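Protein chains in written order, with this note's numbering: chain A, 82 to 479; chain B, 3 to 200; chain C, 2 to 271.
Be aware that one or more of the hints could be misleading.
With the Cβ distance kept under 10 angstroms, some of the chain A side facing chain B (calculated, not the full set) [stated by the list, open to error]:
1) V244
2) R277
3) A385
4) R388
5) M391
6) E392
7) L461
8) L464
Hints in this document: simulated from the structure, not taken from any laboratory.
Note that this is a predicted model, so its numbers are computed, not measured.
Positions of the beta carbon are idealized from the N, C-alpha and C atoms, including for glycine.
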Amino acid sequence: MPKKARRNEAANISPGPHFLKPGKYYLQGSEACIEGALMAGCRVYAGYPITPAVETMEYASRRFPQVGGRFIQMEDEIASACALIGSSWGGAKALTATSGPGFSLMQEAISIAVMSETPMVIVDIQRAGPGQGYITASQQDVMQARWGHHGDGPIIALAPASVQEMFDLTIEAFTLSEQWRTPVLVMTEETVAHMREPLVIPPWNEVEVRERKKPQDLGIPPGDYLPWGHNTVAPMANWGEGYNVNFVALVHLEDGNITRYSPQANYHCVERLQKKIEGNADGITRIEAKFLENCKHLIICYGAVSRTAMEAAIEACEEGLEVGYLRLITLWPFPEEKLRRIVGTVDTIFVPEMNLGMMRHPITEALRDQCRKVVSIPSLGILHSPEYILSKVREETS
Amino acid sequence: MSAQGIVDREGRMSKTPRFEIRIAGFGGQGVVTIGRILGEAFTIYEGKNSVNTHSYGPESRGGACKSEVVVSEGEIHYPNVRKADLLIALSQVGLDTYISDLKEGGIVLVDPRSVKNVPDRDKYRVHEVPTMDIAHEIGGVKFQNSVALGALYPLIAHMIKESSLRQGISNNVPSETVEINMEAFKRGMRYAKEGKAE
Amino acid sequence: MLKYLKEEGPLGPRLPLIFCPGCGSGQVLNYTLYAVDRIIEEDNVRKENFLFISGIGCSGRITSHYMNFDSAWTIHGRALAIATGALLANPAFKIIVFTGDGDNASIGGNHFIHACRRNIDVTILCLNNGLYGMTGGQHAPTTPLGMITTTTPYENREAAFDLCKLAEIAGATYVARWTTAHPRQVIKSIMKGVRKRGTAFIEILSQCPVHEKASPVAILKRFKRDTIPIRRAEGPAEGKTLIGEFCDLDRKEWNESYQEIIDQFLAGSG
Chain A
82 MPKKARRNEA ANISPGPHFL KPGKYYLQGS EACIEGALMA GCRVYAGYPI
132 TPAVETMEYA SRRFPQVGGR FIQMEDEIAS ACALIGSSWG GAKALTATSG
182 PGFSLMQEAI SIAVMSETPM VIVDIQRAGP GQGYITASQQ DVMQARWGHH
232 GDGPIIALAP ASVQEMFDLT IEAFTLSEQW RTPVLVMTEE TVAHMREPLV
282 IPPWNEVEVR ERKKPQDLGI PPGDYLPWGH NTVAPMANWG EGYNVNFVAL
332 VHLEDGNITR YSPQANYHCV ERLQKKIEGN ADGITRIEAK FLENCKHLII
382 CYGAVSRTAM EAAIEACEEG LEVGYLRLIT LWPFPEEKLR RIVGTVDTIF
432 VPEMNLGMMR HPITEALRDQ CRKVVSIPSL GILHSPEYIL SKVREETS
Chain B
3 MSAQGIVDRE GRMSKTPRFE IRIAGFGGQG VVTIGRILGE AFTIYEGKNS
53 VNTHSYGPES RGGACKSEVV VSEGEIHYPN VRKADLLIAL SQVGLDTYIS
103 DLKEGGIVLV DPRSVKNVPD RDKYRVHEVP TMDIAHEIGG VKFQNSVALG
153 ALYPLIAHMI KESSLRQGIS NNVPSETVEI NMEAFKRGMR YAKEGKAE
Chain C
2 MLKYLKEEGP LGPRLPLIFC PGCGSGQVLN YTLYAVDRII EEDNVRKENF
52 LFISGIGCSG RITSHYMNFD SAWTIHGRAL AIATGALLAN PAFKIIVFTG
102 DGDNASIGGN HFIHACRRNI DVTILCLNNG LYGMTGGQHA PTTPLGMITT
152 TTPYENREAA FDLCKLAEIA GATYVARWTT AHPRQVIKSI MKGVRKRGTA
202 FIEILSQCPV HEKASPVAIL KRFKRDTIPI RRAEGPAEGK TLIGEFCDLD
252 RKEWNESYQE IIDQFLAGSG
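Please build the complete structure, drawing on both the sequences and the hints.
Structure, rendered in structure tokens:
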């Protein structure tokens with residue numbers, strides 16, 4: 082993950098004495114996420130307490146002011162998500178962490194962030210649902226991540242599977258959000274948020290960090306600036322820079338005009354958003370694949386469940402069942418083309434999820450012609466055990 | 003140690019031996035803290051890899067509460083205990099719930115004041131240490147963790163240094179209680195080695 | 002004031018405004034620009050520092066359509082949450098929020114009381130017409146008892162908020178109420194509000210001739226007749242609405258206070 086520097090000198094941020102020195106730490110996933118955010122240059126956290134995201138928030142309340150950032154506990158999740166929008170347009174990278182019920186409340190704000198192309202990062206530490214559900218882990222919001230905000234418009238969602246990835250993928254989330262001018266979701270589970278594992282923190286100046294492109298960078302003066310134009314990803318002028326920029330989340334033209342409405346204008350405005358992300362899915366998405374050569378069956382997994390799935394895949398191979406392993410690091414945009422290219426022809430695809438079967442749908446849609454059957458392996462309230470996944474694999478393949 | 007390392011089809015070691023520890027008791031007994039200290043000690047001070055998890059839910063208040071540490075030299079995939087090598091049971095309910103998940107020949111560390119009965123005790127290596135009594139002698143039940151860790155040390159001395167455990171404890175207790183926790187650790191260790199705390 | 006208006010806004014050329022004939026919004030826009038102009042001249046504040054944020058409703062259309070400043074036309078009730086976020090990124094913004102009685106006190110109620118409680122540095126201009134204008138005249142939390150509206154066809158049975166009392170109790174440090182028929186007072190209050198470091202809440206009773214089914218002149222006359230300045234009211238307000246400045250306090254603003262926390266840590270760094 083760490084690549085060559087191009088970094089904080091430009092953003093005028095120095096680490097100071099309160100940045101964690103490079104080295105190995107033993108932290109919770111929640112804490113690793115915050116350290117990743119700070120490393121990425123995030124300096125605003127606005128959130129609302131909800132189990133099991135409380136640790137993330139409390140850790141943020143301690144760490145943010147230590148590095149010159151600001152932390153605020155807002156009055157509810159709606160306010161938190163809206164504060165992220167205000168902070169982003171005010172020029173700062175902003176973060177919040179929540180769980181299912183809070184995530185539902187944030188959907189309107191996410192929708193306007195998608196439409197207005199506002200960079201920001203929201204972490205969903207998923208718990209059992211629906212309703213108030215329970216406080217144990219789940220992966221039940223992964224569809225909501227894509228379709229929860231009203232209207233069309235794509236989004237980026239990542240699924241960390243370890244404490245190290247809570248750090249690395251939070252940095253990546255900020256990189257992607259600045260690069261593509263979009264809200265980015267980090268979809269994790271209570272399992273990963275609460276587990277403690279070694280975290281390797283790289284030297285500050287070896288971490289690649291992305292800042293949004295501005296019209297000033299491209300030599301575009303205020304008079305010529307089109308807030309949603311110029312490029313596939315429009316350069317973003319922030320408030321306070323003399324660009325008289327108007328934030329709006331209605332269907333708009335490139336210059337921000339909202340009155341010259343026509344069905345064509347509507348189509349272009351929204352289709353542009355779609356193409357920006359979905360059209361670049363290959364470059365945006367990442368997957369991890371093992372044992373694919375000549376495998377007969379395949380386990381496709383993501384998040385915490387991939388820890389179990391890997392163990393199960395290894396043991397399946399020991400038993401002589403040729404089982405491949407594929408992990409979705411990016412859930413959305415769904416890496417459809419990538420999967421079709423990487424997966425050959427297999428017999429059965431197993432999709433273990435901590436929900437009643439959600440990602441199994443785009444997986445089926447993508448690989449329907451390359452397999453005989455897709456089998457969903459749900460587990461609610463508890464992380465799958467390797468024995469459980471294996472028993473289902475044996476059942477299907479005997 | 004559990005299963006042998008497996009060489010996968012890509013010719014790499016993808017499964018390395020794991021040492022699995024489970025701590026069980028009531029909420030408030032320091033079950034989570036012990037797990038955290040062990041995880042930190044093995045990882046930061048012994049240079050190994052470990053994953054520390056704990057149960058999360060109402061069973062943390064008044065029912066069986068557990069925390070787990072899986073230790074390995076290499077990558078750890080499945081983060082939870084499959085078949086424990088070591089069980090530290092601070093309550094009878096904790097013991098009853100998890101004893102069947104302990105390997106034959108595995109180590110059980112219990113406090114005889116709260117754990118009166120270990121079913122099939124001949125299948126395991128049972129060590130009884132009056133951690134609560136020793137803690138009370140020092141200053142209170144909140145030092146029970148350190149006593150338990152001290153009593154545990156001789157049983158795992160082949161895989162961890164005493165200083166690593168001590169360092170783990172110092173990092174995870176309030177600074178003004180470090181000295182007394184070190185004393186608790188010492189007494190627990192002495193009891194395990196010699197059958198008496200002082 | 003024309004220099005502060007966009008030549009061409011999202012709604013087309015700046016004049017004529019889209020507001021209904023006789024609507025109070027146009028007046029409030031005018032008063033605000035006068036106040037902002039005086040502050041830019043007298044206080045040497047840069048135009049870039051101003052940020053106008055509005056919600057949804059007729060009041061929401063005052064800013065982004067016309068004002069040639071940084072602005073945001075945001076979602077219903079959430080302007081103050083977005084303003085809070087903007088200040089977290091840059092405490093130097095001079096933020097003026099345009100909101101209506103529904104936008105601010107109904108869906109935005111929670112954000113309203115917390116913004117006041119935190120004393121964040123915003124000036125809230127709440128155009129109160131006692132109903133939901135844009136959507137056709139439904140009742141609002143400020144609709145007087147007994148009034149007939151499109152959603153209270155059998156008379157409104159709910160009591161109305163006193164928004165200024167609410168703001169004051171919640172913690173705003175400058176609270177005033179005027180009407181669109183009090184131009185000089187509104188301009189002065191807006192200037193005071195922007196200059197005050199903290200939450201300034203200025204309620205401006207504003208006419209909606211369309212839904213009140215009365216001529217704007219009649220409503221303005223009513224504003225003058227049925228209101229009484231605080232300093233002149235003795236005992237109960239004789240059934241009239243109090244106008245004037247309810248409070249003007251000094252209390253540390255949120256960012257000012259939080260900066261002290263940050264300074265503790267940055268003091269040690271090089």
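Checked hints:
Given hint, A/V244 at the interface with chain B, holds; its Cβ is 8 angstroms from that chain's nearest Cβ, closer than 10 angstroms. This hint holds: A/R277 has a C-beta 4 angstroms from the nearest C-beta of chain B, less than the 10 angstroms allowed. At its closest, the beta carbon of A/A385 sits 8 angstroms from a beta carbon of chain B; the interface hint therefore holds under the 10 angstroms criterion. Because the smallest distance between the Cβ of A/R388 and any Cβ of chain B comes to about 5 angstroms, under 10 angstroms, the interface hint for this residue holds.
Residue-level restraint check for A/M391 holds (minimum Cβ-Cβ distance to chain B is 4 angstroms; threshold 10 angstroms). Proximity of A/E392 to chain B holds as hinted, the smallest CB-CB distance being about 4 angstroms (cut-off 10 angstroms). The beta carbon of A/L461 is not positioned within 10 angstroms of any beta carbon in chain B (closest approach about 13 angstroms), and the interface hint is therefore violated. Interface restraint check for A/L464: the shortest CB-CB distance to chain B comes to about 7 angstroms, inside 10 angstroms, so the restraint holds.
In summary, the one numbered hint that this structure violates is 7.
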